[in-house]
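Novice: Keeping the supplied structure of chain A fixed, place chain B upon it in accordance with the hints.
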Amino acid sequence: MPRKTTSPSVHRIALIALLTATGVVIYVFEGVLPRPLPWVRPGLANVVTLVALELLGVWPAVLVASLRILLAALLLGTFGNVAFLFSVVGGACALLGMVVAYRWFKPPLSLVGVGLVGAFCHAVGQLAVAWAFLIRSAAVFAIASTLLLSAALAGLLVGLAAQSVARGMARVSSRSAVPSAPAGKE
Amino acid sequence: MREWLRTVRSLTTLADRLVFATILLLSAGAAFAARSGFEPAREAVVTIDRKPVFSLRFDQEGEYTIPAPLGPVVVQVHDGKIRVVRSSCPDKVCVYERPVTPLGGVIVCAPNRLVIQVHRGSVSSLDCVTQ
Numbered sequence: 001m002p003r004k005t006t007s008p009s010v011h012r013i014a015l016i017a018l019l020t021a022t023g024v025v026i027y028v029f030e031g032v033l034p035r036p037l038p039w040v041r042p043g044l045a046n047v048v049t050l051v052a053l054e055l056l057g058v059w060p061a062v063l064v065a066s067l068r069i070l071l072a073a074l075l076l077g078t079f080g081n082v083a084f085l086f087s088v089v090g091g092a093c094a095l096l097g098m099v100v101a102y103r104w105f106k107p108p109l110s111l112v113g114v115g116l117v118g119a120f121c122h123a124v125g126q127l128a129v130a131w132a133f134l135i136r137s138a139a140v141f142a143i144a145s146t147l148l149l150s151a152a153l154a155g156l157l158v159g160l161a162a163q164s165v166a167r168g169m170a171r172v173s174s175r176s177a178v179p180s181a182p183a184g185k186e
Numbered sequence: 001m002r003e004w005l006r007t008v009r010s011l012t013t014l015a016d017r018l019v020f021a022t023i024l025l026l027s028a029g030a031a032f033a034a035r036s037g038f039e040p041a042r043e044a045v046v047t048i049d050r051k052p053v054f055s056l057r058f059d060q061e062g063e064y065t066i067p068a069p070l071g072p073v074v075v076q077v078h079d080g081k082i083r084v085v086r087s088s089c090p091d092k093v094c095v096y097e098r099p100v101t102p103l104g105g106v107i108v109c110a111p112n113r114l115v116i117q118v119h120r121g122s123v124s125s126l127d128c129v130t131q
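Quick mapping for you: the protein sequence lines, in order, are chains A and B.
First residue of the first sequence: 1, per our numbering; consecutive thereafter.
First residue of the second sequence: 1, per our numbering; consecutive thereafter.
Each hint should be verified, as a subset may be incorrect.
Cβ pair distances, simulated, as ranges [unchecked claim]:
(1) L18/A <-> K81/B: 44 to 50 angstroms
(2) R57/B <-> A21/A: 49 to 55 angstroms
(3) L18/B <-> A17/A: 33 to 39 angstroms
(4) A17/A <-> P90/B: 29 to 35 angstroms
(5) R6/B <-> G168/A: 18 to 24 angstroms
(6) A21/B <-> W104/A: 16 to 22 angstroms
Not close to chain B: a few residues of chain A, all C-beta gaps over 10 angstroms, as computed [what the hints assert, rightly or not]:
(7) H11
(8) E30
(9) L71
Here's a subset of chain B near chain A, in silico, CB distances under 7 angstroms, partners left out [what the hints assert, rightly or not]:
(10) T13
(11) A15
(12) S55
Bear in mind the hints are in silico, worked out from the structure with no lab data behind them.
Cβ coordinates follow ideal geometry from the N, Cα and C atoms, glycine included.
So that you can see chain A by itself, here it is in the shape it has in the complex (with noise of 0.2 angstroms):
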């Protein structure tokens, strides 16, 4: 079927609100896994924000992430309280490292690795949140210990997905990024 092709800016739009739209879903979804602390969450939602990233830019990326961020916060009814200051600061953190390890450290990692890198700098500034102002004592490494091994999972997870929809986005459309996957051949 012949495909219709549409203006750049609004294929950036609407893919924006599409990402924006599956963050906030899950990380709904999210929340009814069992978690070491309550508001403590893998970040799995960090999948859209690597999408964005991979697909549209840095700028769009960032813009992904605090929409979802906020439009979760509102449509849960948590905006403002001790839930929201986790969501904020994991996801500002997972953006954070994100970027820094996609513009950087990209050709030797691939997708999958930034997802990580997203991960564990969620769950670290999840760490940092809940020692400020949570708890000060060695209750806080076993915690941790909990929480990392979930983000490396998380962070597998959401690279590998990532990178799923980089591929199958470049076979659909020739003005999407490059699949960075070392092993793709497509």
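Specialist: Here is chain B on its own, set in the frame of chain A:
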């Protein structure tokens, strides 16, 4: 399983796997750090807004009512474990948390900014404090 591992290996780079291993290592390290100094504690400290307000000994059974910003929080010491039985917070997350034991553990009630945690060693020298 082997098929799955092969798939994962074909999709990731060496650097990716290094990062993954590093995170796992840090997780194990944190677990180790949590276990060192492993003698059981005798008491747990309740803090509100990070200020100690109450000290609970594991061998003193009973129910204790702690005044908290949103209302009283009732804590029970039973069978060497401390748990929250009634709370003034809206979601009651703290009531469903795992009990705090002499080996460690934390219960957090964030709306009340209340934390019950275990101190090993001589971190807190207070016996009992009321607000």
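Novice: Would you mind marking each hint as holding or not holding in the structure?
Specialist: Hints, verified against the model:
{"no.": "1", "hint": "L18/A <-> K81/B: 44 to 50 angstroms", "result": "holds, 48 angstroms"}
{"no.": "2", "hint": "R57/B <-> A21/A: 49 to 55 angstroms", "result": "holds, 52 angstroms"}
{"no.": "3", "hint": "L18/B <-> A17/A: 33 to 39 angstroms", "result": "holds, 36 angstroms"}
{"no.": "4", "hint": "A17/A <-> P90/B: 29 to 35 angstroms", "result": "holds, 32 angstroms"}
{"no.": "5", "hint": "R6/B <-> G168/A: 18 to 24 angstroms", "result": "holds, 21 angstroms"}
{"no.": "6", "hint": "A21/B <-> W104/A: 16 to 22 angstroms", "result": "holds, 21 angstroms"}
{"no.": "7", "hint": "H11", "result": "holds, 27 angstroms"}
{"no.": "8", "hint": "E30", "result": "holds, 16 angstroms"}
{"no.": "9", "hint": "L71", "result": "holds, 21 angstroms"}
{"no.": "10", "hint": "T13", "result": "holds, 5 angstroms"}
{"no.": "11", "hint": "A15", "result": "holds, 4 angstroms"}
{"no.": "12", "hint": "S55", "result": "violated, 14 angstroms"}
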